[in-house]
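Enquirer: Residue-level listing of the chains:
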Amino acid sequence: MRHFISVNDVEDISLLVKEALTHKANPYLHKELGKNRTIGLIFLNPSLRTRISTQKAAQNLGMNVIVMNMDKEGWALETQDGVVMNHNTVEHIREAAAVMGQYCDIIGVRSFPRLVDRNEDYSEDFFNKFIKYSGVPIVSLESATRHPLQSLADLITIEEHKPKPRPKVVLTWAPHIKSLPQAVPNSFAEWMNKADVDFVITHPEGYELAPEFAGAAKVEYEQEKALEGADFVYVKNWSSYKDYGKVITMDSYWMIDNELLALTNKAKVMHCLPVRRGVELADEVLDGVDSLVIPEAANRVWSAQAVLAKLIRDNF
Amino acid sequence: MRHFISVNDVEDISLLVKEALTHKANPYLHKELGKNRTIGLIFLNPSLRTRISTQKAAQNLGMNVIVMNMDKEGWALETQDGVVMNHNTVEHIREAAAVMGQYCDIIGVRSFPRLVDRNEDYSEDFFNKFIKYSGVPIVSLESATRHPLQSLADLITIEEHKPKPRPKVVLTWAPHIKSLPQAVPNSFAEWMNKADVDFVITHPEGYELAPEFAGAAKVEYEQEKALEGADFVYVKNWSSYKDYGKVITMDSYWMIDNELLALTNKAKVMHCLPVRRGVELADEVLDGVDSLVIPEAANRVWSAQAVLAKLIRDNF
Amino acid sequence: MRHFISVNDVEDISLLVKEALTHKANPYLHKELGKNRTIGLIFLNPSLRTRISTQKAAQNLGMNVIVMNMDKEGWALETQDGVVMNHNTVEHIREAAAVMGQYCDIIGVRSFPRLVDRNEDYSEDFFNKFIKYSGVPIVSLESATRHPLQSLADLITIEEHKPKPRPKVVLTWAPHIKSLPQAVPNSFAEWMNKADVDFVITHPEGYELAPEFAGAAKVEYEQEKALEGADFVYVKNWSSYKDYGKVITMDSYWMIDNELLALTNKAKVMHCLPVRRGVELADEVLDGVDSLVIPEAANRVWSAQAVLAKLIRDNF
Numbered sequence: 001m002r003h004f005i006s007v008n009d010v011e012d013i014s015l016l017v018k019e020a021l022t023h024k025a026n027p028y029l030h031k032e033l034g035k036n037r038t039i040g041l042i043f044l045n046p047s048l049r050t051r052i053s054t055q056k057a058a059q060n061l062g063m064n065v066i067v068m069n070m071d072k073e074g075w076a077l078e079t080q081d082g083v084v085m086n087h088n089t090v091e092h093i094r095e096a097a098a099v100m101g102q103y104c105d106i107i108g109v110r111s112f113p114r115l116v117d118r119n120e121d122y123s124e125d126f127f128n129k130f131i132k133y134s135g136v137p138i139v140s141l142e143s144a145t146r147h148p149l150q151s152l153a154d155l156i157t158i159e160e161h162k163p164k165p166r167p168k169v170v171l172t173w174a175p176h177i178k179s180l181p182q183a184v185p186n187s188f189a190e191w192m193n194k195a196d197v198d199f200v201i202t203h204p205e206g207y208e209l210a211p212e213f214a215g216a217a218k219v220e221y222e223q224e225k226a227l228e229g230a231d232f233v234y235v236k237n238w239s240s241y242k243d244y245g246k247v248i249t250m251d252s253y254w255m256i257d258n259e260l261l262a263l264t265n266k267a268k269v270m271h272c273l274p275v276r277r278g279v280e281l282a283d284e285v286l287d288g289v290d291s292l293v294i295p296e297a298a299n300r301v302w303s304a305q306a307v308l309a310k311l312i313r314d315n316f
Numbered sequence: 001m002r003h004f005i006s007v008n009d010v011e012d013i014s015l016l017v018k019e020a021l022t023h024k025a026n027p028y029l030h031k032e033l034g035k036n037r038t039i040g041l042i043f044l045n046p047s048l049r050t051r052i053s054t055q056k057a058a059q060n061l062g063m064n065v066i067v068m069n070m071d072k073e074g075w076a077l078e079t080q081d082g083v084v085m086n087h088n089t090v091e092h093i094r095e096a097a098a099v100m101g102q103y104c105d106i107i108g109v110r111s112f113p114r115l116v117d118r119n120e121d122y123s124e125d126f127f128n129k130f131i132k133y134s135g136v137p138i139v140s141l142e143s144a145t146r147h148p149l150q151s152l153a154d155l156i157t158i159e160e161h162k163p164k165p166r167p168k169v170v171l172t173w174a175p176h177i178k179s180l181p182q183a184v185p186n187s188f189a190e191w192m193n194k195a196d197v198d199f200v201i202t203h204p205e206g207y208e209l210a211p212e213f214a215g216a217a218k219v220e221y222e223q224e225k226a227l228e229g230a231d232f233v234y235v236k237n238w239s240s241y242k243d244y245g246k247v248i249t250m251d252s253y254w255m256i257d258n259e260l261l262a263l264t265n266k267a268k269v270m271h272c273l274p275v276r277r278g279v280e281l282a283d284e285v286l287d288g289v290d291s292l293v294i295p296e297a298a299n300r301v302w303s304a305q306a307v308l309a310k311l312i313r314d315n316f
Numbered sequence: 001m002r003h004f005i006s007v008n009d010v011e012d013i014s015l016l017v018k019e020a021l022t023h024k025a026n027p028y029l030h031k032e033l034g035k036n037r038t039i040g041l042i043f044l045n046p047s048l049r050t051r052i053s054t055q056k057a058a059q060n061l062g063m064n065v066i067v068m069n070m071d072k073e074g075w076a077l078e079t080q081d082g083v084v085m086n087h088n089t090v091e092h093i094r095e096a097a098a099v100m101g102q103y104c105d106i107i108g109v110r111s112f113p114r115l116v117d118r119n120e121d122y123s124e125d126f127f128n129k130f131i132k133y134s135g136v137p138i139v140s141l142e143s144a145t146r147h148p149l150q151s152l153a154d155l156i157t158i159e160e161h162k163p164k165p166r167p168k169v170v171l172t173w174a175p176h177i178k179s180l181p182q183a184v185p186n187s188f189a190e191w192m193n194k195a196d197v198d199f200v201i202t203h204p205e206g207y208e209l210a211p212e213f214a215g216a217a218k219v220e221y222e223q224e225k226a227l228e229g230a231d232f233v234y235v236k237n238w239s240s241y242k243d244y245g246k247v248i249t250m251d252s253y254w255m256i257d258n259e260l261l262a263l264t265n266k267a268k269v270m271h272c273l274p275v276r277r278g279v280e281l282a283d284e285v286l287d288g289v290d291s292l293v294i295p296e297a298a299n300r301v302w303s304a305q306a307v308l309a310k311l312i313r314d315n316f
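Order-wise, the sequence lines are chains W, P and G. Per my numbering, numbering through the first sequence is continuous, rising by one, with the last residue being 316. Per my numbering, numbering through the second sequence is continuous, rising by one, with the last residue being 316. Per my numbering, numbering through the third sequence is continuous, rising by one, with the last residue being 316.
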């Protein structure tokens with residue numbers, strides 16, 4: 001594995017889950033692996049879980065960690081080629097990425113979509129250029145269209161809690177007051193499509209995910225029907241892909257509460273967090289016994305640790 | 001000791017001072033104690049001394065340190081229960097604290113009061129919820145009503161410099177142009193009330209501290225009289241508790257200068273810093289031989305190191 | 001060496017370059033040197049290369065690193081003496097520097113000029129006071145008038161790539177849309193004036209560097225003539241020293257492109273970065289085989305590591 005940007009970078013997702021659980025069982029076993037290795041964690045957007053869990057994973061492996069909030073501690077980067085930089089971008093990604101690649105053995109990068117121009121966001125131009133010019137292994141800390149460290153943590157959590165070998169997993173759209181990226185549902189979908197699960201996506205019309213992410217997953221527009229027999233309900237808001245970046249509805253009917261949960265097979269409830277209580281998910285569910293949101297967040301450490309360990313082993 | 005939020009968490013303050021002085025004499029003796037332990041330092045407000053001294057103390061104990069400026073790198077937290085989160089708070093403290101508790105063995109938190117609603121601030125709702133939901137030992141890096149790491153450093157400094165077994169310590173209000181929290185004087189008062197000192201508080205009328213903090217301390221409204229025979233003068237501004245958060249006077253008469261200091265028993269002068277020169281304290285005092293403000297700040301490292309060492313020993 | 005503020009702090013620049021190359025060849029050889037030593041990196045202005053390369057250098061030496069963005073995480077510092085601090089500065093440099101000196105063995109500081117009052121900037125008042133009150137070795141991470149870690153990295157790069165024992169080095173002014181400090185060209189000039197190179201400065205009239213930095217360097221106002229026979233072209237914009245802080249011209253004629261480069265002796269091109277593409281330097285040059293900007297930035301690690309190692313050896 002050279003980079004960790006999407007599920008396609010992973011040869012065997014079951015094996016990666018297994019390795020993550022090994023790290024979880026024994027966090028400091030490989031503390032020599034990252035010795036004298038430096039990871040740079042570059043944030044162009046805010047972060048809580050990703051920042052702390054990845055920093056902790058790297059420290060568990062004995063790495064040096066350098067965190068840089070580029071949006072606050074640095075300056076605006078230019079990504080377009082051939083442009084005369086006489087406006088507000090201070091440095092071109094060609095130089096910035098190449099320089100960071102000189103200082104870091106591995107670089108984690110977070111860069112959200114602008115949600116204005118779909119082609120621009122879905123081209124993953126920023127990430128592709130960062131990979132191209134940095135010259136070192138790149139880990140996505142969430143890009144415009146994917147959040148693979150989250151998806152791997154989700155898969156680990158499902159593996160730990162599944163009541164049967166092939167559980168039914170339902171990704172359900174939830175209401176929100178803001179226009180959010182499709183990165184988490186896209187990424188979850190492409191991981192679930194490769195996992196040994198029965199995967200169903202449910203959302204209001206107009207919220208169809210991009211075909212390359214939805215893949216062969218079953219789409220069921222009736223939420224109640226989708227929830228029937230579910231073993232895991234993965235709750236998440238996203239803005240429209242079709243009518244790009246738009247909020248088509250905020251219908252609170254779609255918020256998961258105990259009544260909707262009763263339709264499932266005693267499903268466990270997941271959410272990547274942060275979650276808007278009373279908007280995306282009812283308090284009664286989040287505070288109930290079937291919520292996995294905290295153990296799911298905890299698994300972010302082992303997801304990151306498995307990925308970093310693999311990158312170190314495969315590249316150095 | 002499970003948490004370090006107030007003097008009430010400490011069984012024996014003399015013993016804790018003694019332990020702090022042991023760390024000061026030999027800073028790296030317990031470098032194995034914090035091995036593979038992670039402390040998260042979460043700031044909802046700016047910090048200089050607390051940030052650097054606590055980070056250093058943790059590193060002296062061999063801990064991993066993760067610093068997070070939640071107000072800048074993260075987002076606004078909701079603390080109210082049962083609320084529909086359709087406004088500007090992005091994450092509930094129930095999730096945020098619980099998640100950080102999964103990543104960190106100990107969490108230090110700084111959260112200032114809003115100084116608008118006294119009941120809200122004095123309920124210490126934020127800290128209490130953080131403790132409740134994080135599930136790990138919490139160290140106050142200054143809360144709405146207390147600053148115990150500062151108070152412990154103050155006590156260490158008094159212990160080191162006292163000219164007699166039971167010195168006279170005077171906490172004097174000082175002028176300031178802004179409305180400041182009562183956290184430092186509250187905390188200093190509750191520590192001094194438990195220490196082996198003769199403790200007097202002096203301030204203009206209207207600046208009475210909350211009864212639960214002032215305790216049985218003698219309050220003397222005449223500053224000159226209070227200063228008589230003082231061995232230590234602890235200078236600090238605070239806003240009114242009665243007329244909550246208000247600045248009642250900025251009377252520069254209360255600023256400590258050499259003339260006022262001459263009334264004391266060659267008193268040493270203390271201040272938690274940052275200090276407004278020429279407003280709270282005269283240059284001649286800060287630059288004079290009786291100022292302890294720098295050694296007092298230096299003792300913040302040993303205060304934090306003693307507390308962290310005790311939390312590690314008592315909890316893991 | 002007590003501090004590293006300018007070339008004048010260095011007894012033998014050739015020896016320091018040699019030591020830097022030793023660190024480059026074997027980065028972790030001296031990992032015990034910085035054990036239990038803490039470096040504070042204090043930024044009053046944004047930074048990318050300086051921040052990451054110095055942090056990495058310190059970690060390579062086994063030091064603890066504490067990064068503090070004073071402008072964002074802290075508050076405004078007062079530098080003037082005897083002032084009544086009843087305005088927006090929260091802490092005097094006398095206290096702030098002294099306190100940091102209690103927590104850190106070495107302090108790196110970045111503080112840009114305001115470019116309003118030449119005397120103020122060129123007095124280096126902030127740095128001088130920081131040195132005076134901190135009481136510990138200070139490393140400049142770029143001051144109002146100098147950037148010595150950059151200059152040392154430049155000299156290392158020239159040493160590695162020079163085609164003959166005494167190469168011709170041309171510092172050429174380049175256009176920019178903003179008013180930039182003279183720190184980089186000042187510093188480069190005072191280092192080149194001490195190095196074994198044939199040093200020429202070229203710029204439009206009105207951009208003369210301060211005499212104490214230009215020294216005995218040859219100034220050639222005709223850029224084309226200056227470039228003749230050059231082995232290294234060091235490209236950089238700066239604002240006027242004479243008409244202080246002003247942008248006199250943005251004449252794009254001065255931008256280095258392949259045509260101008262053809263006049264040289266197959267010169268290598270250097271720039272401290274960040275660089276404005278199409279404004280200071282043509283894409284064709286930056287993307288061409290003669291650009292050294294990335295190896296030059298990479299050498300920032302070894303520049304910092306040599307300086308920190310020397311400070312540790314000479315002071316502790």
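FYI, nobody ran anything at the bench for these hints, they're computed from the structure. Note that the coordinates shown come from a computational prediction; the quantities given were computed from them, not determined experimentally. Take the hints with a grain of salt, since some may be wrong.
Put simply, identical chains are the same to the list, so a pair is met inside one copy or across any two.
Computed list of lysine-lysine pairs in BS3-like fashion (alpha-carbon distance at most 25 Å, straight line) [to be verified]:
id	residue 1	residue 2
1	Lys-35	Lys-24
2	Lys-266	Lys-225
3	Lys-242	Lys-266
4	Lys-72	Lys-178
Enquirer: Run every hint past the structure and note whether it holds.
Expert: Hints, one by one, checked against the model:
| no. | hint | verdict |
| --- | --- | --- |
| 1 | Lys-35 to Lys-24 | both (20 Å within a copy, 17 Å between copies) |
| 2 | Lys-266 to Lys-225 | within (15 Å within a copy, 72 Å between copies) |
| 3 | Lys-242 to Lys-266 | neither (33 Å within a copy, 53 Å between copies) |
| 4 | Lys-72 to Lys-178 | both (23 Å within a copy, 20 Å between copies) |
Hint violations for this structure: number 3 only, all remaining hints satisfied.
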